[in-house]
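Participant: Sequence:
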Amino acid sequence: MKQLLVVLTALMFWGPPRLRVDQRPLGIALENPFDLDGSAFFQVAVWILSALVVAFILGGRGLFGRHFLPKVVWRSSLRLYLAYGLLALASATYSVSPFYTLFFAGKILTSLLAVALLTDRSDLSRPAPMVFTVYMAVSIVQWLLNASFLLIDPKLVGTELPNIGYRLAGGIFEDYGTPTAMASLFFLSAALFSSRQMVRIGSWGLFTLTWVFLGLSRTRSSIIGALAMLLVMLTLHRRSYSRVVAFLIIGLVCLGLIATQMVDSLVVFGMRGQSFESLLTFTGRTQAFEFLVNQWKDSPWLGLGYGAGTRFLLIRFVRETGLGIGSAHDAVSKVLVDLGLLGAVVLGLVFVLTWMEMIRLVRIVRPYPELQPLAMQLFAVFVYYALTNVVAGGIAEVPGPLLVVSVCAAVVRRRIAMEVTGQRRVLRLEGLPLTPCPSN
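For the sequence shown, counting from 1, position 187 maps to 187 in our numbering; every step adds exactly one.
Keep in mind that the hints were calculated from the coordinates and are not lab data. Heads up, a few of these hints could be off.
Claimed, not checked - With a cut-off of at most 25 Å between alpha-carbon atoms, the simulated SDA-like pairs for lysine to any residue come out as follows:
| no. | residue 1 | residue 2 |
| --- | --- | --- |
| 1 | Lys-2 | Trp-74 |
| 2 | Lys-155 | Phe-42 |
| 3 | Lys-71 | Arg-415 |
| 4 | Lys-297 | Leu-86 |
| 5 | Lys-155 | Leu-209 |
| 6 | Lys-155 | Ser-221 |
| 7 | Lys-71 | Val-352 |
| 8 | Lys-155 | Leu-36 |
| 9 | Lys-155 | Leu-216 |
| 10 | Lys-297 | Thr-286 |
| 11 | Lys-155 | Leu-206 |
| 12 | Lys-297 | Val-96 |
| 13 | Lys-71 | Ile-359 |
| 14 | Lys-2 | Arg-415 |
| 15 | Lys-2 | Ile-48 |
| 16 | Lys-2 | Ile-57 |
| 17 | Lys-2 | Trp-14 |
| 18 | Lys-297 | Thr-93 |
| 19 | Lys-2 | Gly-59 |
| 20 | Lys-155 | Thr-208 |
| 21 | Lys-2 | Gly-65 |
| 22 | Lys-71 | Leu-349 |
| 23 | Lys-297 | Tyr-94 |
| 24 | Lys-297 | Val-345 |
| 25 | Lys-297 | Val-318 |
| 26 | Lys-297 | Glu-320 |
| 27 | Lys-71 | Ile-364 |
| 28 | Lys-71 | Val-362 |
| 29 | Lys-297 | Asp-330 |
| 30 | Lys-297 | Phe-312 |
| 31 | Lys-2 | Leu-63 |
| 32 | Lys-155 | Ala-40 |
| 33 | Lys-71 | Ala-51 |
| 34 | Lys-71 | Gly-60 |
| 35 | Lys-2 | His-67 |
Unchecked claim - DEER-style ranges, computed between Cβ atoms:
| no. | residue 1 | residue 2 | range |
| --- | --- | --- | --- |
| 36 | Arg-126 | Ala-55 | 23 to 29 Å |
| 37 | Met-1 | Pro-367 | 37 to 43 Å |
| 38 | Ala-417 | Tyr-94 | 41 to 47 Å |
| 39 | Val-345 | Phe-99 | 23 to 29 Å |
| 40 | Leu-151 | Leu-342 | 46 to 52 Å |
In this text, a Cβ means the ideal position worked out from N, Cα and C, and glycines have one as well.
All chains, full assembly: derive it from the sequences and hints.
Facilitator: Take a look at the structure:
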């Protein structure tokens with residue numbers, strides 16, 4: 001059963017994949033969410049099957065006298081996100097579309113519990129918790145499939161933009177920026193920490209290749225987030241700090257020289273064929289934000305129901321403006337409209353607690369070189385996720401990366417605590433004085 005849960009969790013991290021080349025018409029998606037084509041049916045089926053498997057495993061834990069909820073839920077920010085998920089579930093009682101709310105609230109609880117169930121005691125002896133390995137493996141597989149389909153038929157994974165050229169977006173897997181950014185993080189980590197020279201050289205080459213794909217994706221938020229992850233990794237990698245500084249200076253100088261000769265091309269690349277008005281409004285996203293916030297004031301405390309609230313209002317927004325924005329593109333407007341100020345407070349606490357967990361994690365691993373690569377990667381993923389939430393619902397929806405970094409941080413803290421406890425026990429048995437140990 002655990003193997004099945006691993007597969008389903010991987011599919012949940014993936015989206016699940018939509019497996020269609022053409023986008024589902026926005027009008028159908030908004031007006032009648034139960035009008036499912038084959039791709040949408042597959043996505044819904046994955047979530048329903050995942051919920052059933054999670055419920056079966058939790059029931060088995062109760063029958064065998066184990067804690068119903070894994071302890072990692074209470075040792076991490078998952079406990080607050082569990083409260084957020086239950087609040088979303090409760091909002092079905094007043095939602096404008098109760099079944100819609102039940103489904104999307106169920107996605108939060110299912111993903112949270114699946115991640116927690118995959119994080120068990122065996123993770124204390126692994127170089128990285130299994131759930132983190134699954135998350136990174138999914139990203140790398142996505143990137144490799146994108147590269148393969150690009151070579152087979154570019155239309156499967158991208159579109160031609162007028163006066164711009166090819167963009168790696170849409171197509172059979174839809175999202176390419178984030179998995180490519182995560183793949184770049186994996187190869188960067190291998191290049192920095194591998195003990196084998198050939199692995200380091202190959203990893204630098206693959207890392208460079210992922211940036212080619214990031215450029216092809218033309219996804220501005222993903223490029224900015226990937227740059228932030230690169231900066232985090234190089235800054236925290238103290239052993240090569242001087243080389244890192246030299247590398248960055250040389251790189252910035254080269255980019256500056258190139259940019260002076262390619263100003264027009266860079267402007268075209270950044271705008272993706274959009275007008276300046278469209279660029280300044282983030283392709284209408286600021287207009288959608290203003291519309292949603294103005295409507296939120298009619299139900300400020302509890303919102304209109306998780307998932308259904310923003311959908312209900314965006315139907316009106318699309319009709320009135322003609323802009324094809326079918327979902328909230330930021331966490332703030334989404335949580336306010338769906339769950340009101342109460343939901344916003346809970347979600348804000350989740351974000352703050354996770355940020356504190358990441359800061360603490362980076363501090364406590366300093367005496368443990370074997371744990372530093374994992375801690376750096378977790379911190380980088382969190383920074384990426386925090387930045388990209390400016391233009392995505394992210395934390396207010398199904399937060400796979402947030403759940404992963406939180407449980408992995410809890411595993412690392414537990415591992416250090418057990419190691420420190422073991423050291424003190426040995427000193428007591430040998431009658432030696434206790435030496436100060438790093439605080440966890």
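Participant: A separate judgement is required for each hint: does it hold in the structure or not?
Facilitator: Going through the hints against the structure:
Between Lys-2 and Trp-74 the CA atoms are separated by roughly 21 Å; this keeps the pair inside 25 Å, and the hint holds. At roughly 22 Å between alpha-carbon atoms, Lys-155 and Phe-42 fall within 25 Å of each other, so this suggested pair holds. The hinted pair formed by Lys-71 and Arg-415 meets the criterion: a straight-line CA distance of about 14 Å does not exceed 25 Å. For the hint pairing Lys-297 with Leu-86, the CA-to-CA distance comes to about 23 Å; that is within 25 Å, so the pair holds.
With a C-alpha separation of about 20 Å, the suggested pair Lys-155 and Leu-209 falls inside the 25 Å cut-off, and the hint holds. Straight-line distance between C-alpha atoms of Lys-155 and Ser-221 comes to about 23 Å, which keeps the hinted pair within the 25 Å bound. Restraint check: the Cα-Cα separation between Lys-71 and Val-352 comes to about 21 Å, which is no more than 25 Å; the hinted pair holds. Distance restraint check for Lys-155 and Leu-36: the Cα-Cα separation of roughly 24 Å lies within the 25 Å cut-off, and the hinted pair is therefore satisfied.
Proposed proximity of Lys-155 and Leu-216 is supported: the alpha carbons are some 13 Å apart, at most 25 Å. For the hint pairing Lys-297 with Thr-286, the CA-to-CA distance comes to about 17 Å; that is within 25 Å, so the pair holds. Taking the CA atoms of Lys-155 and Leu-206, the gap is about 23 Å. The hint holds against a cut of 25 Å. Between Lys-297 and Val-96, the direct Cα distance comes to roughly 16 Å. Compliance with the 25 Å bound is thereby established for this hinted pair.
Only pairs whose Cα atoms come within 25 Å are accepted, and Lys-71 paired with Ile-359 is accepted, the gap being roughly 22 Å. Distance check on the hinted pair: Lys-2 and Arg-415 sit about 23 Å apart at the alpha-carbon level, within 25 Å; holds. Pair hint Lys-2 plus Ile-48 holds up; C-alpha atoms about 17 Å apart against a cutoff of 25 Å. Taking the CA atoms of Lys-2 and Ile-57, the gap is about 9 Å. The hint holds against a cut of 25 Å.
This hinted pair checks out: Lys-2 and Trp-14 have alpha carbons roughly 18 Å apart, not beyond 25 Å. Proximity of Lys-297 to Thr-93 is assessed by CA-CA distance (about 20 Å); at most 25 Å being required, the pair is judged to hold. This hinted pair checks out: Lys-2 and Gly-59 have alpha carbons roughly 14 Å apart, not beyond 25 Å. Among the hinted pairs, Lys-155 with Thr-208 is consistent with the structure: their alpha-carbon atoms are about 24 Å apart, no more than 25 Å.
Of the pairs offered as hints, the one joining Lys-2 and Gly-65 holds, with about 18 Å between alpha carbons and a cut-off of 25 Å not exceeded. With a C-alpha separation of about 20 Å, the suggested pairing of Lys-71 with Leu-349 holds against the 25 Å cut-off. A threshold of 25 Å between alpha carbons decides the hint, and for Lys-297 with Tyr-94 the separation of about 17 Å falls inside it, so the pair holds. For a cut-off of 25 Å, the pair hint linking Lys-297 to Val-345 stands: about 16 Å separates their Cα positions.
A threshold of 25 Å between alpha carbons decides the hint, and for Lys-297 with Val-318 the separation of about 20 Å falls inside it, so the pair holds. Proximity of Lys-297 to Glu-320 is assessed by CA-CA distance (about 19 Å); at most 25 Å being required, the pair is judged to hold. Simply put, Lys-71 and Ile-364 have alpha-carbon atoms about 21 Å apart, close enough for the 25 Å limit, and the pair holds. The straight-line distance between the Cα atoms of Lys-71 and Val-362 is roughly 22 Å, inside the 25 Å bound, and the hint therefore holds.
Straight-line distance between C-alpha atoms of Lys-297 and Asp-330 comes to about 17 Å, which keeps the hinted pair within the 25 Å bound. Simply put, Lys-297 and Phe-312 have alpha-carbon atoms about 15 Å apart, close enough for the 25 Å limit, and the pair holds. In summary, the hint linking Lys-2 to Leu-63 is supported, as the alpha carbons are separated by about 17 Å, within the 25 Å threshold. With a C-alpha separation of about 21 Å, the suggested pair Lys-155 and Ala-40 falls inside the 25 Å cut-off, and the hint holds.
Of the pairs offered as hints, the one joining Lys-71 and Ala-51 holds, with about 20 Å between alpha carbons and a cut-off of 25 Å not exceeded. Between Lys-71 and Gly-60 the CA atoms are separated by roughly 16 Å; this keeps the pair inside 25 Å, and the hint holds. For the proposed pair Lys-2 and His-67, the alpha carbon gap of about 17 Å is at most 25 Å, so the pair holds. Against the hinted window of 23 to 29 Å, the Cβ-Cβ separation of Arg-126 and Ala-55 comes to about 27 Å, which satisfies the hint.
With their beta carbons about 38 Å apart, Met-1 and Pro-367 fall inside the hinted range of 37 to 43 Å. Taking the beta carbon of each, Ala-417 and Tyr-94 are about 43 Å apart, inside 41 to 47 Å as hinted. Taken as a hint, the range 23 to 29 Å holds for the pair Val-345 and Phe-99, whose Cβ atoms sit roughly 27 Å apart. The hint said 46 to 52 Å for the Cβ distance between Leu-151 and Leu-342, and at roughly 50 Å that hint holds.
Of the numbered hints listed earlier, not one is contradicted by the structure.
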